[in-house]
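Engineer: Given the coordinates of chain A, assemble chain B onto it according to the supplied hints.
Protein chains: 2
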Amino acid sequence: MTMKTHDKEDFPVAQIRRYLEPGPIVLVSSAWRKEVNVMTMGWHTVMEFSPSLVGCVIASGNHSFELIRNSRECVINIPTASLIDQVVGAGNCSGRDIDKFAHFGFTASKAGKVRAPLIAECFASLECKLADDSLIDKYNFFIFEVVRAHVARVPKHPKTLHYTGNGEFVVAGKTLSRRRQFRPEYL
Amino acid sequence: MTMKTHDKEDFPVAQIRRYLEPGPIVLVSSAWRKEVNVMTMGWHTVMEFSPSLVGCVIASGNHSFELIRNSRECVINIPTASLIDQVVGAGNCSGRDIDKFAHFGFTASKAGKVRAPLIAECFASLECKLADDSLIDKYNFFIFEVVRAHVARVPKHPKTLHYTGNGEFVVAGKTLSRRRQFRPEYL
Numbered sequence: 715m716t717m718k719t720h721d722k723e724d725f726p727v728a729q730i731r732r733y734l735e736p737g738p739i740v741l742v743s744s745a746w747r748k749e750v751n752v753m754t755m756g757w758h759t760v761m762e763f764s765p766s767l768v769g770c771v772i773a774s775g776n777h778s779f780e781l782i783r784n785s786r787e788c789v790i791n792i793p794t795a796s797l798i799d800q801v802v803g804a805g806n807c808s809g810r811d812i813d814k815f816a817h818f819g820f821t822a823s824k825a826g827k828v829r830a831p832l833i834a835e836c837f838a839s840l841e842c843k844l845a846d847d848s849l850i851d852k853y854n855f856f857i858f859e860v861v862r863a864h865v866a867r868v869p870k871h872p873k874t875l876h877y878t879g880n881g882e883f884v885v886a887g888k889t890l891s892r893r894r895q896f897r898p899e900y901l
Numbered sequence: 715m716t717m718k719t720h721d722k723e724d725f726p727v728a729q730i731r732r733y734l735e736p737g738p739i740v741l742v743s744s745a746w747r748k749e750v751n752v753m754t755m756g757w758h759t760v761m762e763f764s765p766s767l768v769g770c771v772i773a774s775g776n777h778s779f780e781l782i783r784n785s786r787e788c789v790i791n792i793p794t795a796s797l798i799d800q801v802v803g804a805g806n807c808s809g810r811d812i813d814k815f816a817h818f819g820f821t822a823s824k825a826g827k828v829r830a831p832l833i834a835e836c837f838a839s840l841e842c843k844l845a846d847d848s849l850i851d852k853y854n855f856f857i858f859e860v861v862r863a864h865v866a867r868v869p870k871h872p873k874t875l876h877y878t879g880n881g882e883f884v885v886a887g888k889t890l891s892r893r894r895q896f897r898p899e900y901l
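As they're listed, the protein sequences go chains A and B. If you use the numbering used here, the first sequence corresponds to residues 715 to 901, in order. If you use the numbering used here, the second sequence corresponds to residues 715 to 901, in order.
Pulled out of the complex, with its shape left as it was, chain A reads as follows:
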C-alpha cells in the first residue's frame, strides 16, 4: 500500500504545543554515522515555549537510544491514524535487526538543521537538538530544543493517535473551542 506524503511548510517553533500538547504517539527518527532509524514514542511533554523545549523518555533498550545520545539530535514526526499499522510495526521491532525506513516504506526527507531525516508521510516533523542530558542516566529522559518545525497546512485538525497501552489507541475526535472564555494573555 502506498502511503500519502505531506507537503510541509515552516511552522513557528514556539507554537509547536499545538501539535504535541494533545499527546499524540510520535515517530522519532535518528541518524548516527551510517545508521538511520525510527522508533515509536508516547512519553513526551512540552516544557517551554521559547526556547521551544520538549522532554521525552527513550528507553535505553531501544536501538535509537544510542543513535540519539551520540548524535544529540532527532526528528519528532507526528503521524495520523492512517499510519497506525506502521506506528505499531515500528514499535514492535528493532533497528538492530532491520532497516525500518525500508521495511515500512517511509520516505526520508532532508532536514534543515539536523542529520536525522523527516518522515514525509507524517503531517508534522520537528527537528530537535539535545538541550539537556542531565536526566538521561537516571530516567532515560531527554530534553530537546525544537530548532525547526515543518507542518502540513492540511489536515487542519489531524486525526492523531493516542496510545492507552494494551495495544489500543484513541483517535483525536471533534474539536471544541472555548476561545471566548480565555483571558487574551492565556491564549
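Just so you know, these hints were derived from the structure itself, not from any lab. Some hints could be false.
A pair holds if it fits inside one copy or across any two, identical chains being indistinguishable in the list.
[To be verified] In the EDC-like style, the derived pairs of lysine to aspartate or glutamate whose C-alpha atoms are separated by at most 16 Å in a straight line are:
1. LYS852 - GLU762
2. LYS748 - ASP811
3. LYS748 - GLU899
4. LYS827 - ASP724
5. LYS870 - GLU882
6. LYS824 - ASP724
7. LYS824 - ASP721
8. LYS870 - GLU723
9. LYS722 - GLU899
10. LYS870 - GLU780
11. LYS827 - GLU859
12. LYS827 - GLU723
13. LYS843 - GLU859
14. LYS870 - ASP721
Structural biologist: Using the frame of chain A, we list chain B on its own:
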C-alpha cells in the same frame, strides 16, 4: 448546573499510563497549611511504570506552584469533556483571588496518602508525592511518584480533553485496537 460525581476504585499505579499517556488536560489539586487549590495543566508525561513516575511543568507564576513545592504533594485529576467549562475556568483565574473549589462547585474527596483532595467530578485521580525536585528551579519541572490511583469503572473509554492552545480542545474519539500486532511483552 450540578456536575456528576464518579465512584472510583483503587487502580494499579503501575498502569496509570493508560490514562495519562494519551495526553489529556488534567486538574491538579493541592493543599498547604489552610489553603486548597486546583489548577489546569497540560504539560505532563509518564516517565516510568514502577515506580510510577510522572513529570510535569507547573509554571512558577501559578498559585499552585508554591503549594505543591511546599507540600511536596498533589493529586492529578482527569476530567472528561463534560467539565470543559470548569477546566477553562480554573485555568483562567488564580487561587490567589478565589476559592476555586467553591467557585467551580468541585467536590473535594479525601485522599488516602496525601493531604490534597481528590476531585469527585473527575473519573480518575492520582495521588502524587514529589520524587525529584532537581529540575524545578530550571524548568518548573516536577517529577512525581503516583502513590495511589483511583479510577471509575465507567466510562470505559473516557472522552478526555486534549488542549491544542488557542482556546481549542480535541476530544478523545474512537478506539482502535491493534493488540494482535503487538509482541506480548510490549503490551
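Engineer: At most 16 Å between alpha carbons: which applies to LYS722 and GLU899, within, between, both or neither?
Structural biologist: neither (29 Å within a copy, 36 Å between copies)
Engineer: Have a look at LYS748 and GLU899 and pick one of within, between, both or neither, based on CA distance no larger than 16 Å.
Structural biologist: neither (47 Å within a copy, 30 Å between copies)
Engineer: Please sort LYS827 with GLU723 into within, between, both or neither, judging by C-alpha distance up to 16 Å.
Structural biologist: Classified as within: same-chain Cα gap 15 Å, cross-chain 49 Å, threshold 16 Å.
Engineer: Cα distance capped at 16 Å. Does LYS870 pair with ASP721 within a copy, between copies, both, or neither?
Structural biologist: Classified as within; 13 Å inside a copy, 37 Å across copies.
Engineer: 16 Å Cα cut-off: does LYS843 pair with GLU859 within a copy, between copies, both or neither?
Structural biologist: Within. Shortest intra-copy distance 5 Å satisfies the 16 Å Cα cut-off; inter-copy 28 Å does not.
Engineer: Is it within, between, both or neither when you check LYS827 against GLU859 at 16 Å Cα-Cα?
Structural biologist: within (12 Å within a copy, 36 Å between copies)
Engineer: Checking an output row: LYS827 and ASP724, CA cutoff 16 Å. Within, between, both or neither?
Structural biologist: Answer is within; shortest intra-copy Cα gap is 13 Å, inter-copy 47 Å.
Engineer: Regarding LYS852 and GLU762, is the shortest C-alpha distance of 16 Å or less found within a copy, between copies, in both, or in neither?
Structural biologist: For LYS852 and GLU762, only the inter-copy Cα distance (11 Å) is at most 16 Å; the intra-copy one is 22 Å.
Engineer: At most 16 Å between CA atoms: does that hold for LYS870 and GLU882 within a copy, between copies, both, or neither?
Structural biologist: between (24 Å within a copy, 13 Å between copies)
Engineer: My question is about LYS870 and GLU780: at a cut-off of 16 Å on alpha-carbon distance, are they close within one copy, between copies, both, or neither?
Structural biologist: neither (35 Å within a copy, 38 Å between copies)
Engineer: If the cut is 16 Å between Cα atoms, do LYS748 and ASP811 qualify within a copy, between copies, both or neither?
Structural biologist: Classified as within: same-chain Cα gap 15 Å, cross-chain 58 Å, threshold 16 Å.
Engineer: Indicate which option fits the pair LYS824, ASP724 if close means a Cα-Cα distance not exceeding 16 Å: within, between, both or neither.
Structural biologist: Result: close within a single copy only, 14 Å intra versus 49 Å inter.
Going down the numbered hints, you'll see the structure goes against 3, 9, 10, while the others check out.
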